[in-house]
Amino acid sequence: MSWIGCTGGRTKITITPEGNVLICEYLRDPFFIVGNIRKDDLWNLWKNSYVLNFFRNLNKLEGKCTTCKYLGICKGGCRAMAYLTYGSIYAPDPLCWYRSDRGRVIYE
1 MSWIGCTGGR TKITITPEGN VLICEYLRDP FFIVGNIRKD DLWNLWKNSY
51 VLNFFRNLNK LEGKCTTCKY LGICKGGCRA MAYLTYGSIY APDPLCWYRS
101 DRGRVIYE
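1 is the number of the first residue of the sequence shown in this note's numbering; add one for each residue after it.
One should not assume that every hint holds.
What the hints assert, rightly or not - Computed Cβ-Cβ distance ranges for the label pairs, DEER-style:
hint : residue 1 : residue 2 : range
1    : Glu25     : Gly87     : 37 to 45 Å
2    : Asn48     : Leu95     : 13 to 21 Å
3    : Arg10     : Asp40     : 16 to 24 Å
4    : Lys39     : Lys64     : 13 to 21 Å
5    : Tyr50     : Tyr26     : 31 to 39 Å
To be verified - Lysine-lysine pairs mimicking DSS-like chemistry, simulated, CA-CA at most 30 Å apart:
hint : residue 1 : residue 2
6    : Lys47     : Lys60
7    : Lys39     : Lys64
8    : Lys64     : Lys12
9    : Lys39     : Lys12
10   : Lys47     : Lys12
11   : Lys69     : Lys12
12   : Lys39     : Lys69
Honestly, the hints are just simulated from the structure, not real lab data. Keep in mind the model is a prediction, meaning the values are calculated, not measured. Glycine included, every Cβ here is placed at the ideal spot set by N, Cα and C.
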């Protein structure tokens, strides 16, 4: 299975032309600015950023994700979609791929 869910802050980041490091290209709110590569060491940001560690915390997911048996695969889906739709990065992904009637086809 190659789907690993949201890759923002886990396997990729976004760097703007100004040097700002973002969790995801869709999350441009100032809270989601991890740092700036013109001032900060990128590796240090990746390993020690409060914002990235806050974002990576799956224990705070809300709603159906908390009991879903596929959480280990999807990691809660797209956190940007959750934030842009519900105002919380811990809300369920509104475009969740899992539906009980077809979950087996997608994930198994």
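Evaluation of the provided hints:
{"no.": "1", "hint": "Glu25 to Gly87: 37 to 45 Å", "result": "19 Å, violated"}
{"no.": "2", "hint": "Asn48 to Leu95: 13 to 21 Å", "result": "31 Å, violated"}
{"no.": "3", "hint": "Arg10 to Asp40: 16 to 24 Å", "result": "19 Å, holds"}
{"no.": "4", "hint": "Lys39 to Lys64: 13 to 21 Å", "result": "40 Å, violated"}
{"no.": "5", "hint": "Tyr50 to Tyr26: 31 to 39 Å", "result": "20 Å, violated"}
{"no.": "6", "hint": "Lys47 to Lys60", "result": "20 Å, holds"}
{"no.": "7", "hint": "Lys39 to Lys64", "result": "40 Å, violated"}
{"no.": "8", "hint": "Lys64 to Lys12", "result": "26 Å, holds"}
{"no.": "9", "hint": "Lys39 to Lys12", "result": "20 Å, holds"}
{"no.": "10", "hint": "Lys47 to Lys12", "result": "13 Å, holds"}
{"no.": "11", "hint": "Lys69 to Lys12", "result": "25 Å, holds"}
{"no.": "12", "hint": "Lys39 to Lys69", "result": "41 Å, violated"}
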